[in-house]
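Visitor: Go by the hints and put chain D onto chain R.
The primary structure of each chain is shown beneath.
Protein chains: 2
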Amino acid sequence: MDDGNDNDDRNKTNMLEENETMRVLAENVAFYAGERVTVMGWAYHVREMGQVTFIVLRDRSGTVQVVWENAVERVKEESVIRVDGTVRQDARAPGGYEIYALQMEVLAGPCDRLPFGLNGPAPGLDTMLRHRAFSIRRPDVAAVFAMQAEMVHAFRSFLRQQGFTEISTPKIVAAGTEGGAELFSVRYFDKMAYLAQSPQFYKQMMVGAGYERVFEVGKAYRAETHDTSRHLNEYLSLDLEMGFIKDENDLMDLENALLEYMMNYLAETCTKFLDTLRVKLSSVGKIPRMRLSEVQAILEKMGKSSPEGNLDPEGERLISKYVRESLQSEWLFITHYPASKRPVYAMPDADNPGLTRSFDLLFRGLEVTTGGQRIHQYHMLVANMRKFGLNPEEFEFYLDIFKYGMPPHGGLAIGAERLTMQICGLANIREASLFPRDRDRLVP
Amino acid sequence: MDDGNDNDDRNKTNMLEENETMRVLAENVAFYAGERVTVMGWAYHVREMGQVTFIVLRDRSGTVQVVWENAVERVKEESVIRVDGTVRQDARAPGGYEIYALQMEVLAGPCDRLPFGLNGPAPGLDTMLRHRAFSIRRPDVAAVFAMQAEMVHAFRSFLRQQGFTEISTPKIVAAGTEGGAELFSVRYFDKMAYLAQSPQFYKQMMVGAGYERVFEVGKAYRAETHDTSRHLNEYLSLDLEMGFIKDENDLMDLENALLEYMMNYLAETCTKFLDTLRVKLSSVGKIPRMRLSEVQAILEKMGKSSPEGNLDPEGERLISKYVRESLQSEWLFITHYPASKRPVYAMPDADNPGLTRSFDLLFRGLEVTTGGQRIHQYHMLVANMRKFGLNPEEFEFYLDIFKYGMPPHGGLAIGAERLTMQICGLANIREASLFPRDRDRLVP
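Residue numbers (the numbering used here), protein chains in the order written: chain R, 2 to 445; chain D, 2 to 445.
Just chain R, same shape as in the assembly:
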């Protein structure tokens, strides 16, 4: 490729499947047997056998074989090509159909050695992430994010059906929601601000604003310095909040139905991606619920101790294994966390002093959700803030709506990358983020 002189080529390319030159996607060529079509995409694999060049063309839908006799130029792998040709049925071709090329045009050839081959085994994670856009050309990587997009779509669809309104709340905020020092600071003109750790306060405010049921798909930020396979510093949070609940059980009922819908939707619509990833999805069923103290007692019997009021990653894996074997579930709700380990807004459980109406959800050994009922009474919330050492005056913007009639409510958040990771069986959460942000990674 050279500067300037490929402007001429541009006018020969086209966009829509519907237009005059009839671009056909790879997955649809079988419908055009005997007809002349145009295909466009990347030269995924190129083999020269004597006078004949075989090119596997890859586009956004999949691949199709192109047969080019008496090639006038060499086509390098990963060139962007446009092929006009005739669709032929041929049992030897992958998929049973191939395109006999009549015209071949290279729209953009690679101008450097490829960082790694796309057909063979993948290089290490670091190389994959460094050349992120290139590595996504691997169908087994592309499938992860295509599936993720459908997963998020299913999240939205279900909640819209249930009367939820989608919201978009600020990510530059004046104060953290989860406490702690894990905040990224932003220079906001002459003030100091932070990146939102979650839309917690805002989604609660929107329940009180009268929408009752809201959800948000947005970024959340945690300035955690530790470098693990299951933490990202910027992640996609699938948040929901709803009013007029009885207690946290309503939320678990909702999430159970939501996940059932999402997994069934993926199983039905993403067979291509799931096959590429060699993933099997099973029905969610009725998710078991166990108290944290019960979980800790089971682990104790297995010789595994737990941190106070919580589980560690090893504990999460062990209890998931136990539940899979004894209750045939890949999912587990853990309930009744102590107030000392939950945020200031967690609703105390009046029947179990010291505990809260909160829960976590484990999936295949990893926490993918935190949720619970929230305090909706203004005076109780102010008192709890004081107990937590927070100054209620700094949270006036949040407390404001609690003064004017706030319904009983609660919500939850699902980490999109964590759920993706567990669905796809990925070893590292960075593989579930298009452009992961971690301790050392700001590019690409």
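Quick caveat, the hints were computed from the structure, so don't treat them as lab data.
None of the values given here were measured: they were computed from a predicted structure.
Check the hints yourself; a few may be wrong.
To be verified - Straight-line C-alpha distance at most 27 Å; calculated DSSO-like pairs for lysine-lysine:
| no. | chain 1 | residue 1 | chain 2 | residue 2 |
| --- | --- | --- | --- | --- |
| 1 | D | 305 | D | 322 |
| 2 | R | 77 | D | 247 |
| 3 | D | 220 | R | 192 |
| 4 | D | 322 | D | 281 |
| 5 | R | 302 | R | 273 |
| 6 | R | 322 | R | 342 |
| 7 | R | 220 | D | 192 |
| 8 | R | 287 | R | 247 |
| 9 | D | 220 | R | 220 |
| 10 | R | 305 | R | 342 |
| 11 | R | 220 | R | 342 |
| 12 | R | 342 | R | 302 |
| 13 | D | 342 | D | 305 |
| 14 | D | 342 | R | 192 |
| 15 | D | 322 | D | 302 |
| 16 | R | 247 | D | 77 |
| 17 | R | 247 | R | 305 |
| 18 | D | 342 | D | 388 |
Guide: What follows is chain D alone, placed relative to chain R:
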């Protein structure tokens, strides 16, 4: 309301319309004439007439009148109430049906004087924004964001139908995409980073990664210090990018069809909100396209001069008025902007030296979209960076994918708040953002 003692009430509330106590939404009471139902929501308006209290109850669906004889307590406005009662047809009731209360329970009463009344005229914008969650209880404010949610939904639906994949790209970045100093800086561990001005580089990379057609609904940040009625420092950007285009006309064709779909979708599904807002939506039709030079010449004839290679807000309003009157269109594509006024990645127009294959879209006098074809040739892009005084080495993460076969491509971005503002006829863009961020506003 007091601390603690309202836990008992909680167990009497409920969540799902489907469950045993049969909560019915206000908009659906007519279907239950003669039956006993439960309604829950806010006491929007309370009138006491002798022994009878009339309460207009507001929930997420709308309002319904409740008639309570021999009330045992006074219900304050904006209390959260639960009413068990019988649905009666009564021509005098708004909507023709009302609920004759058998039981009334206050789930959460206001514990402070309301900042302003919700039934009368709205207070000033500043007060409305200070008590944002409360002001959204006004149906005319709630309708804006309910409509906005549907608008974004329609954007997604159309693009999914056209084979686009939704992506989520990082908002913490190492370098700006649009140049200039209008970047918010973030302390990222021991490095300096920035908030993304747009997903521009990332969406282009995803086209090259093989998805071909991608879109993103995400936050974008501009550290502009000026305080106008049409700028926000954090806004919701509706972005798309697509490969294998012929030129910028393909993008305008797509956006024309997209907007037609979105406006028709709103006109069909949001009649309730549009009526509340007193908004009429007309069909988009074929959007006229005019060159910038042509627009400037028309303005010149009207005695209005323009800044070099651009329009000012007054010019945008005047040309929109002209086009509405002469071409009966509320929309206008302006094309052929000079390279000197467009970003480094804008595709030069080989037929018109010095100009680019870019465009803006005006709607009712305001720019709501910027778009165009991008440079897809690696060497041309590197050369252009140098011409713009940028160091290509700093953009290696972006340039990487251009080395390995990048199809001709382009895209556009729609400012969600701007489009909302113009659809709803709002005077200030802050009214189109749930929690606007501007020069002085970090809370709520």
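Visitor: Compare the distance between the alpha carbons of residue 322(R) and residue 342(R) with 27 Å, and conclude whether the hinted pair is satisfied.
Guide: With a Cα-Cα distance of about 25 Å, the restraint between residue 322(R) and residue 342(R) holds, given a limit of 27 Å.
Visitor: Is the straight-line distance between the alpha-carbon of residue 322(D) and that of residue 281(D) 27 Å or less?
Guide: At roughly 18 Å apart (the allowed maximum being 27 Å), residue 281(D) and residue 322(D) satisfy the hint.
Visitor: What's the verdict on residue 342(R) and residue 302(R), does the C-alpha distance respect the 27 Å limit or exceed it?
Guide: 23 Å, holds
Visitor: Checking one constraint from the list: CA of residue 220(D) to CA of residue 220(R), max 27 Å. Satisfied?
Guide: 9 Å, holds
Visitor: Taking only the CA atoms, is the gap from residue 342(D) to residue 305(D) under or equal to 27 Å?
Guide: 20 Å, holds
Visitor: Under the criterion that the straight-line Cα-Cα distance not exceed 27 Å, is the pair residue 247(R), residue 77(D) satisfied?
Guide: Answer holds: residue 247(R) to residue 77(D) is near 23 Å, not above 27 Å.
Visitor: Is residue 220(R) within 27 Å of residue 192(D), Cα to Cα?
Guide: OK: residue 220(R) and residue 192(D) at ~20 Å, within 27 Å.
Visitor: Has the given pair, residue 302(R) with residue 273(R), been kept, meaning a C-alpha gap of at most 27 Å?
Guide: Violated, at about 43 Å.
Visitor: Holds or violated: are the alpha carbons of residue 77(R) and residue 247(D) at most 27 Å from each other?
Guide: 23 Å, holds
Visitor: Below or equal to 27 Å on CA atoms is what counts here, so check residue 287(R) against residue 247(R).
Guide: 20 Å, holds
Visitor: Quick one, are residue 247(R) and residue 305(R) close enough, alpha carbons at most 27 Å?
Guide: Not satisfied, since the Cα-Cα distance of roughly 35 Å exceeds 27 Å.
Visitor: Can the restraint linking residue 220(R) and residue 342(R) be considered satisfied, given a maximum Cα separation of 27 Å?
Guide: 24 Å, holds
When each numbered hint is compared with the structure, violations occur for hints 5, 14 and 17.
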